[in-house]
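Chains as they are written, first to last, in my numbering: chain W, 1 to 371; chain P, 1 to 371.
Derived by calculation from the structure, the hints in this document are not laboratory data.
It should be emphasised that the depicted structure is a prediction, and the values quoted were computed from it without experimental measurement.
Any given hint could be a false lead.
Unchecked claim - Pair by pair, the computed Cβ-Cβ distance ranges are: (1) P:Gly359 to W:Ala294: 44 to 52 Å; (2) W:Ala294 to P:Asp86: 52 to 60 Å; (3) W:Gly81 to P:Pro55: 44 to 52 Å; (4) W:Glu206 to P:Gly321: 50 to 58 Å; (5) W:Leu154 to P:Leu164: 33 to 41 Å.
What the hints assert, rightly or not - Derived DSS-like pairs (lysine-lysine); straight-line CA-CA distance at most 27 Å: (6) W:Lys128 to P:Lys184; (7) W:Lys158 to W:Lys368; (8) P:Lys309 to P:Lys340; (9) P:Lys286 to P:Lys309; (10) W:Lys128 to P:Lys286; (11) P:Lys158 to P:Lys223; (12) P:Lys184 to P:Lys54; (13) P:Lys184 to W:Lys26; (14) W:Lys368 to W:Lys309.
For glycine and all other residues, C-beta sits at the position ideal for the given N, C-alpha and C.
Number of protein chains: 2
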Amino acid sequence: MPLIQYLSRIAFDFGAISTLGDQIAKLGLNRPLLITDKGVANAGILQVALEAAKPSVPTVYDGTTENPTEQSLLDCLEIWGDNGCDGIIALGGGSPIDLAKAVALLSSQGGNLADYNVRTGGSGRIEKVSPQIAIPTTAGTGAEVGRACVMSLLDGSKCVAVNLNMVAEIVICDPELTLSLSPKLTAATGIDALSHGIESYCSPLENPPAAAIGLEAARRAAKWLPIAVEDGGNRNARYQMMMAALMGGMCLQKALGGAHAMATPLGELHLHHGTLIGILLPHILKFNDGYADAAFADLRSAMNVPENKSLHEWMTDFVQGIGLPTQLSELGVEQNVLPKIAERASIDHLSATNPRPAGAQDYLGMLKDAM
Amino acid sequence: MPLIQYLSRIAFDFGAISTLGDQIAKLGLNRPLLITDKGVANAGILQVALEAAKPSVPTVYDGTTENPTEQSLLDCLEIWGDNGCDGIIALGGGSPIDLAKAVALLSSQGGNLADYNVRTGGSGRIEKVSPQIAIPTTAGTGAEVGRACVMSLLDGSKCVAVNLNMVAEIVICDPELTLSLSPKLTAATGIDALSHGIESYCSPLENPPAAAIGLEAARRAAKWLPIAVEDGGNRNARYQMMMAALMGGMCLQKALGGAHAMATPLGELHLHHGTLIGILLPHILKFNDGYADAAFADLRSAMNVPENKSLHEWMTDFVQGIGLPTQLSELGVEQNVLPKIAERASIDHLSATNPRPAGAQDYLGMLKDAM
Chain W
1 MPLIQYLSRI AFDFGAISTL GDQIAKLGLN RPLLITDKGV ANAGILQVAL
51 EAAKPSVPTV YDGTTENPTE QSLLDCLEIW GDNGCDGIIA LGGGSPIDLA
101 KAVALLSSQG GNLADYNVRT GGSGRIEKVS PQIAIPTTAG TGAEVGRACV
151 MSLLDGSKCV AVNLNMVAEI VICDPELTLS LSPKLTAATG IDALSHGIES
201 YCSPLENPPA AAIGLEAARR AAKWLPIAVE DGGNRNARYQ MMMAALMGGM
251 CLQKALGGAH AMATPLGELH LHHGTLIGIL LPHILKFNDG YADAAFADLR
301 SAMNVPENKS LHEWMTDFVQ GIGLPTQLSE LGVEQNVLPK IAERASIDHL
351 SATNPRPAGA QDYLGMLKDA M
Chain P
1 MPLIQYLSRI AFDFGAISTL GDQIAKLGLN RPLLITDKGV ANAGILQVAL
51 EAAKPSVPTV YDGTTENPTE QSLLDCLEIW GDNGCDGIIA LGGGSPIDLA
101 KAVALLSSQG GNLADYNVRT GGSGRIEKVS PQIAIPTTAG TGAEVGRACV
151 MSLLDGSKCV AVNLNMVAEI VICDPELTLS LSPKLTAATG IDALSHGIES
201 YCSPLENPPA AAIGLEAARR AAKWLPIAVE DGGNRNARYQ MMMAALMGGM
251 CLQKALGGAH AMATPLGELH LHHGTLIGIL LPHILKFNDG YADAAFADLR
301 SAMNVPENKS LHEWMTDFVQ GIGLPTQLSE LGVEQNVLPK IAERASIDHL
351 SATNPRPAGA QDYLGMLKDA M
């Protein structure tokens, strides 16, 4: 089985889930807590994981919500304490994986999540957290190799904790687990992987290894996402999309840009991240046109964009082609929230690495165009 | 300054050496042992490093030989004990960096180097070693991000120890340190970086992130090595070659192939590794022609190989163009050693990842062609 080892040790292949029991033993876990959500449980994937975990019998928490909350975190910590847990298995999309990181953090270092907020400098204090095994069941966020968790605090505000000490030791990427994803979820998660490649490649940060990985993520996602949406049973497309998502996660140290700067505050309206990204991506590409010429040229070549089409036109067609909405109004976003969103986007840390400087007025223009 | 962080934390820029004092403090080292060689000391680079290390005052060992020996290791361990050292700074090419890894290993875990030989399974026992800062002064081996050390034991045999726990925590890549490298050493080390990109990209191991990095290493080395050789003061060329070498080191988890399988036993004749690689590379490319078509096509495109030239012909021209020898006989290799070398190449673990299976007879043919 191919082994890929940068920050984490990544087992990547069809059937890789079958190594879970061995991986649990390798990490020396006696009482793992498996964190997942109802969707994963209902799809039968939790059962597959529990079978694979044997002889280990993880304690299961399946209450993760789409935007993971501090309440889930507190529930998990109680289970952790009651059961004497000693490590975590995250099974699902970005939400269970993020929640797992928060549990790994507080179970090892105590305190409240807000103590580790990156905005207040708390993330710098994070030391090595409890051991984690991350198992993605979608191909999109790349959270399985991520070093951050985004959580909603009890007071409703968002808290982001970021530190390399939160990266999962072991990652199991098994494309088999994504075969049953609906076309809609395939598209809405896969577009996030594509966007990670595109936005990181356009960022002005110098990081050639991450750039090389990001460009390849974009190439694979552009080629295989439409096929995975069209024919969910296409095993090669599922494999390639899971690889694109992983590579999209690995290149994030080269940062992101304006599409993600807008998606973060919009996400607090409880809208799906990938769906937002699909809507926003063409608009940031139009805005950036002329400010990242070399990156645009490489991306056009990698993603096979026809010569007679601008990158942003191609992007709009792509998003439409995989059945995703292209307007914020389709998600119920209303005009009156846009100025506030634009303001927040302009001060988001990801805006700083957009290739063209963008202020609140710029974002407002893009958001209006996206309505 | 760009930060690149996969396994190690890499500070990469002109003048990055000036951060050495901060990095020593960050690692919490009170009494670092700086391991280098006479060449680096005579070039004035040791003095630059010692200035940059202030207020820390490292103990210096400058006795590293071209193929580092167990005797140097024992000398370093004695200095370590006498001075109460608590960490290592490796400054130089592959040899001081390899020696530093061995010192980091034995100073933390004791025993003899042979106890950790990968051939006898000893490497698996290696736990986290003493902290290391690696500072390359050539652009070639990529050893600064490596997990292996190759040493000559007291009995003359080679010992290779390999474990991710030996990777340096901090790497400082400062292209400034390579500005004074002679054209000959620039060529002979740079060709190694190019070969890492080429051979790893052709290996059949599936590792798309490493493949993306390897292809980019080959692209940069093919473009910039001739310029760095021609005009050593070209700062951009020096920067790009140091980046190519780093990326060439990072892609090695996708393994190598037949050129390195032959270079390993030939290296025991005390021949320069990169020079050997330059001679052998065209011959393995000729041998592999037709067995790695997709990889060859990508490499041709990345390295800008003219359509009317085979990859191996281009490679021969390239090696000649940068002033390196193209025949083993020029290094004093004699016909009668070739069968033994071929035999050893065929059982080298790197031969297993050559895209075309190669036996002793195949290697003998290539070696004869290379005479």
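Taking the hints in turn, this is what the structure says about them:
no.	hint	result
1	P:Gly359 to W:Ala294: 44 to 52 Å	holds (45 Å)
2	W:Ala294 to P:Asp86: 52 to 60 Å	violated (45 Å)
3	W:Gly81 to P:Pro55: 44 to 52 Å	holds (46 Å)
4	W:Glu206 to P:Gly321: 50 to 58 Å	violated (29 Å)
5	W:Leu154 to P:Leu164: 33 to 41 Å	holds (40 Å)
6	W:Lys128 to P:Lys184	violated (45 Å)
7	W:Lys158 to W:Lys368	holds (25 Å)
8	P:Lys309 to P:Lys340	violated (33 Å)
9	P:Lys286 to P:Lys309	holds (12 Å)
10	W:Lys128 to P:Lys286	violated (49 Å)
11	P:Lys158 to P:Lys223	violated (34 Å)
12	P:Lys184 to P:Lys54	violated (33 Å)
13	P:Lys184 to W:Lys26	violated (47 Å)
14	W:Lys368 to W:Lys309	holds (23 Å)
In this structure, the earlier hints numbered 2, 4, 6, 8, 10, 11, 12 and 13 are contradicted, and the remaining ones agree with it.
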